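K.L.:
First to last, the protein sequences are chains R and A. Using the working numbering, you'd call the opening residue of the first sequence number 1 and step up by one each time. Using the working numbering, you'd call the opening residue of the second sequence number 1 and step up by one each time.
Among these hints, one or two may not hold up.
Partner residues aside, some chain R positions facing chain A, computed with beta carbon under 7 Å [as the list claims (entries may be wrong)]:
#1 Gly-75
#2 Pro-76
#3 Ile-138
#4 Phe-353
#5 Thr-423
#6 Glu-425
#7 Leu-426
Coverage of chain A stretches by chain R, computed from C-beta distances (three or more under 8 Å per stretch; other residues unrestricted) [unchecked claim]:
#8 16-27
#9 88-98
#10 115-128
25 Å max Cα-Cα, derived PhoX-like pairs, lysine-lysine [to be verified]:
#11 A:Lys-135 - R:Lys-406
#12 R:Lys-453 - A:Lys-420
#13 A:Lys-32 - A:Lys-135
#14 R:Lys-453 - A:Lys-290
#15 R:Lys-77 - A:Lys-290
#16 A:Lys-560 - R:Lys-406
By construction, these hints were calculated from the structure, which means they are not laboratory data. Fair warning: this is a prediction, and the values are worked out from it, not measured in the lab. The beta carbon of each residue, even a glycine, is placed where N, CA and C say it ideally should be.
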Amino acid sequence: MLDDTIAAIATPLAEGGIGIVRISGPQAIDIAEKVFIPVSNSLWRKQKYKLVYGHVVDNRTGKIIDEVLLSNMPGPKSYTREDVVEINCHGGPVPLRKTLELILGAGARLAEPGEFSKRAFLNGRLDLTRAEAIIDIIRATTEDALQLAVSQLSGRLAQEVDAILNELLSVVVLVEAAIDFPEDEVEDYSPERINERLGKVSAKAQSLIDSAEMGKVYREGLRTVIIGKPNVGKSSLLNVLLREKRAIVTEVPGTTRDIIEEILNLGGVPVVLIDTAGIRKTGDAVEKIGVARSLESIDRADLVLMVVDASTELDSEDEEIIDLVKNKRGVLVLNKIDLEAGSAVKNKNQLTFKLPHWPMVEISALLEQGIKKLEQTVVELVTGGQVLPRDGVMVSNVRHRNQLVKAKEHLREAQEAINLGLTPELVVIDIRAAWEAVGEINGSVITEDIVDKIFADFCIGK
Amino acid sequence: MEYLAGNYDVIVVGAGHAGCEAGLAAARLGMKTLLLTISMENIAMMPCNPAMGGPAKGQLIREIDALGGEIGINTDRSAIQMRMLNTAKGPAVQALRAQADKNLYHVNMKWTLENQPKLDVKQVMAERIIVEAGKVKGVVGSTGALFTAPAVIITTGTFLRGRIVIGDLAYSGGPNGQFPSVKLAESLQDLGFSLGRFKTGTPARVDRRSIDFSQTSIQPGDKETLNFSFTTNICDREQIPCWLTYSNDKTHAVIKENLHRSPLYSGFIQGTGPRYCPSIEDKVVRFADKPAHQVFIEPEGSKTNEMYVQGMSTSLPEDVQLRMLRTLPGLEKVEIVRPGYAIEYDYVIPSQLSLDLQTKAVAGLFTAGQINGTSGYEEAAAQGIMASINAVRYLKGEPPFIISRSEGYIGVLIDDLVTKGVTEPYRLLTSRAEYRLMLRHDNADMRMTEKGYQLGLVTPERFQNFIDKKAAVQQEKNRLDQTNVVVSPELKKILDRKSSSPVRDGTSLSTLLKRPEIEYRDLLELPLEHPPVDSEVAEEVEIEIKYDGYIKKQNAQIKKFEKMEGIKLAPDIDYHQVRGLAAEAVHKLAQIKPLSIGQASRISGVNPADISVLMIYLEQEKRKNREILNGK
């Protein structure tokens, strides 16, 4: 446990553009060398406790991922008393994640919550008084991480992972049953058929990995629709976000009739902002079309920013809109807190009740207050994986992706073993390893599953 | 009236497969040992199938043998058929399986026991365990005989509150018409032990003369004479075949029509049965779309006409059993000698044991075998020898002898029992072993002989033979590494025959042997000097070279595993006082009292964060102790 090399993003995600990836363990420097190319000083390994300027490069493609500063802190004079390398990334969450992925690909293991501190303590770097604090970190972050993992593993991704797990388990069981019950009537070990099944699983895993690498959000932007009844300040918000006035803002309800799309960069995440006509019961034909298009926009959106006037009570129009969006992911934006009536935010409790899973941000579009907080909230939703693109599954969690990459490598080895004509007891070693790797995504696999499934699938009992 | 009947170092209660190993091991380790049995006629009885070994179980026998146990030798002496199973599936999962002559097995084992110095065997039904101040003191039998000993091993199998069920007929009893052991179960409960209830079953025995074997297919043994024990030299053995037939829709119809008379389905049987050994009524219900089930007809011995109907385990009423059997091809006129039955029995919930099989509640009291919730003769024997070794070490004040999961199936078995517990009669499977590739039939001696020698169970002669074999393996491996091939017509012939790609001059023999299609015996055709190599040595060399890559990988995993096993947890840790552990983890850790971080991590309900917390706790304690030592 203490002799492998671990890595993780050591700064909270999505707070500004800078983040640090920390690597600790005996392989830290070797691993860093595989992803980092210094600009001038090629002997950076000897430059201890200094910042070295260079690039993180994807070796496979030769592509520069980020411009970074690296510091090399050999043990025992480091935080964990092991060899530590820290890479300061500047490009925002996306390059930060990519850098971590490359480091994991180069042989590091993703650190458990609180693991750096744990190592620091176990290696005598931190004194006894810190022990309790570290235990608190481990407990708290583990529970957070668990919750996050569960929330990120919802819907179709969870289904895909389950499907892969089930298929792998069923292949493992086929081989294991034939081994443990040679005289029972279990299906014969057929390398060809198993090879074919592994090929299919492998392709499935690859498509999930691809989804992580070129996630739709990063490729096409996060479709974010701004919605609310007329005159709550949707266009003002859009303008503030874009820092320039593009939509027409008037005091007359219903002036924004066209749907305006704008692309902006929020902390490294491309966001397609869609401003809609205020939804309102109307007889005006032109406005009717606008409303219809708004409804369509909601349907197609990845994320909804619902703007509510904090200075007034909720009315039936607000509630109708809530009904339209309640099944979407979104952020509640309480605007106009600059107004005297708005500062009280009378409708907060009601809104929390109606949209319990939505984070709430108080802003004043007019005074540009709370905008940073809103941007952060959106970024967190995306990088935390809470927002999945509308269609298709996306792997957004580094740990998930990493496990899938591992699984695929094991599947490749299993197929190679089959092609070499190796015996089933060897082939199944890698199939089991792949199954366990995918299983770590939802933490669900145990050996007993194999035994259970053997007895469920086959009539054993010579 | 109680009277003092004798003083011993070790008492073993029960002379089944666990008890025989336990009695022999303690006596061989120099202890004055007493072995108690309900009936001298049923020592080493095989109440279920007449077979030993198979996947995982065969490896287990080899391990017990290499440690200095008896099961391998006794099987070799009593076998009427031997087969190597799984030969096409790889060297690690190959396993030897014997058909044993049940009576011979009993007679041979009884004779061995009777001639073992320092071992007394007595026909006594043990009824009460005497405990004073948390330590075991002895055993009282049904006649009032009191035997004292500071270490007692209970190996009573399925006898605790045994209940036999055949259809709607039920009576108290042990297997095969034996007495049950009721008072001993009460004694264990009085001592505070929790007991669970399991069920197992067995098929009818039928008369060989009433079977038309022409309607069945023959299942012969291997031509080559094989043995379990590394010390057995039997090279000629009569091989008696088994026979195979199948159930059919008529069989299934009889069963379905009479399900209401099955105690399994009427709720008459409460205990949990094993899924790997279901009754035929279970198979027909659970796999309703299967048109036929295999039925093996196996001889119970060479001097009996009783045949075991493997695959037809049942607790249906006797009249249904007969009708059901007579639907099988070849068994149309079959006569039942003894009907099949189910047996329900109490077992000691094994989380009450430590890894040395000693009960946590009573010092010096050990339990081994089916009483711990396992099934199988081999699983029982393994626990018997381990409990006995540890009872002796306990008496000598030595640390427990524990085999780890990476060293042997014995380790997998005992760790599973104690750490994970059981939900059905536990059977060892190769798929339960994480490091299966290392736990092979062929290298059991490499893994266990030295341990057995250090313990005192393996004789110096045998140990010397083992050392010689080890040296021969190394020598031959070196030779293959250092000898290069020369391109020759003989080589070309081999490569062509195996459709293997050409090799260059200077390729070593071991590199050539690494190719999946090339075998060790192929190398012997090359025009080179071939020093004579024993076949066992050759096998070992071939496997070690061929699977070198996988073996290295598994060794790397084992290193990691051992690191965690090496971080010890004291048995007296008060987990309630460890800050930051989850409530479930506290409960489980306090109950199981794991000996290492590794063992703790295998307890269900103890998650990785709890393990981190434990490691920090250990470091805290270490530093506090250092501070105390430094006089702070």
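K.L.:
Hints broken by the structure, by number, lowest first?
P.N.:
1, 2, 4, 8, 10, 11 and 15
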